[in-house]
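Quick note, the sequences are listed as chains H and E, same order.
Each residue of the first sequence is one higher than the one before, starting from 63 at the first, in my numbering.
Each residue of the second sequence is one higher than the one before, starting from 386 at the first, in my numbering.
Among the clues, some could well be false.
Unchecked claim - One-sided and incomplete, this derived list gives chain H residues near chain E with beta-carbon spacing under 10 Å:
{"no.": "1", "residue": "S79"}
{"no.": "2", "residue": "E139"}
{"no.": "3", "residue": "L159"}
Think of the hints as simulated: they come from the structure by calculation, not from any bench.
Think of the CB as a built atom: it goes at the ideal place given N, C-alpha and C, for glycine as much as any other residue.
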Amino acid sequence: MPTLGELERAVMDALWSADAAVTARDVQDALAGRELATTTVLTVLGRLERKGLVTRERSGRAHRYRATASRADHVAELMRDALDATPDRGAALARFLGSIPDDERAALRDLLD
Amino acid sequence: MELVALGLLVFGVALAEPVSRLLARARWPGRDPVGALLLWQAIGLAGGLALLSAGVIYGLSPLGAPRPALESVLDELGAGRLPALDVPHVVALVLTAALAARLLGVLVAVTVRTLRVRARHRELLDLLATPWPAAPGARVLEHPVPVAYCLPGLRSRLVVSAGVLDCLDVDQVWAVLAHERTHLRERHDLVVLPFVAWGATAPFVRGMVCAQFAVATLIEMRADDVAVRQASPKQLSGALGAMGGAAPAAALSSFTAALHRRLARIVEPPAPLPLALRALVRLIAGVLVAVPLLAVLA
Numbered sequence: 063m064p065t066l067g068e069l070e071r072a073v074m075d076a077l078w079s080a081d082a083a084v085t086a087r088d089v090q091d092a093l094a095g096r097e098l099a100t101t102t103v104l105t106v107l108g109r110l111e112r113k114g115l116v117t118r119e120r121s122g123r124a125h126r127y128r129a130t131a132s133r134a135d136h137v138a139e140l141m142r143d144a145l146d147a148t149p150d151r152g153a154a155l156a157r158f159l160g161s162i163p164d165d166e167r168a169a170l171r172d173l174l175d
Numbered sequence: 386m387e388l389v390a391l392g393l394l395v396f397g398v399a400l401a402e403p404v405s406r407l408l409a410r411a412r413w414p415g416r417d418p419v420g421a422l423l424l425w426q427a428i429g430l431a432g433g434l435a436l437l438s439a440g441v442i443y444g445l446s447p448l449g450a451p452r453p454a455l456e457s458v459l460d461e462l463g464a465g466r467l468p469a470l471d472v473p474h475v476v477a478l479v480l481t482a483a484l485a486a487r488l489l490g491v492l493v494a495v496t497v498r499t500l501r502v503r504a505r506h507r508e509l510l511d512l513l514a515t516p517w518p519a520a521p522g523a524r525v526l527e528h529p530v531p532v533a534y535c536l537p538g539l540r541s542r543l544v545v546s547a548g549v550l551d552c553l554d555v556d557q558v559w560a561v562l563a564h565e566r567t568h569l570r571e572r573h574d575l576v577v578l579p580f581v582a583w584g585a586t587a588p589f590v591r592g593m594v595c596a597q598f599a600v601a602t603l604i605e606m607r608a609d610d611v612a613v614r615q616a617s618p619k620q621l622s623g624a625l626g627a628m629g630g631a632a633p634a635a636a637l638s639s640f641t642a643a644l645h646r647r648l649a650r651i652v653e654p655p656a657p658l659p660l661a662l663r664a665l666v667r668l669i670a671g672v673l674v675a676v677p678l679l680a681v682l683a
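Bound-form chain H, shown alone (with noise of 0.2 Å):
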């Protein structure tokens, strides 16, 4: 039984090597190997997009499905997080050379305002 995270992998990398939207009946055939029900796919797509990864948009009777920014964006994103050096995001994860640097200090003013 796969769990919840490795299915919104499998979707989302479905998602990201499809060129166009696709509606939840092509995501199912894409991972045909997997054997999920459509509910499951849907229920999987609709947590996605609450989570900001998927947008949706109607086409004749189906809906479909894009990812909202391509995984390199993603990637970046996380990386931008890891190397911020601002002291909020310090306290948010710690970087193997995380230490603030000295010029960065006025930073430590600006926090929370």
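Using the hints provided, position chain E relative to the given structure of chain H.
Quick look at chain E alone, frame taken from chain H:
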């Protein structure tokens, strides 16, 4: 009672300004990072308690000892009557309540923001990062810039970028992971949090800003100490040197200066503080917190 309040006020201000600044500049914390971190926690807690209890004790002083006075004021307010206090004492109580609300508000705001950033980050990580077979629990983010970090919390994550695997050998990655696991295991994010909140409450007090910087440096020393024991000094310094040279901030002189201080401490570790002095540091930390507590409860 006014004298007790004055004493607590002086005590609290002394901790917030000269004491914090002196401790931030001291060199011995590098020889006992855990003791220094305990002392910092005690200074933060005792400073806050002292300032708040000074305000309460002064404000209630016309009504006698603090505890019965507080009870009678709450009874009066509950019955819809104003307590018999003149303007200066009421002003002290209102200022104290405002400071307490501000401290608590900032702490809550910082916490909520931190948790939100982490949750979003973790969601994306779980979609994008792939497990690294060589180390259980570690994930690899497909990006050429070397960066290693952990996401603390109940559902913590340990992350290295593909750039790290390119510029370090496996033993060095192990040393990096040992360092990051120490942050996670000892919940260093919670150690830092009160000082982020203090710094945000009173950014105009230089001692508070120094405190935040000193505590951030100390948790890195502590994590380095554990990583050196679990891996080896050579692996950790090798990892720091290789990653430091390739880091995006490598051009900043402050970055390289901080990096060199850290490397020097790993290669030539300072002698640990003698046992008696370590005990003394912990005793002082306990006494600092006890002072305002005893003043209020006495």
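Ascending list of hint numbers which this structure does not respect: Of the numbered hints given earlier, the structure breaks just one, which is hint 1.
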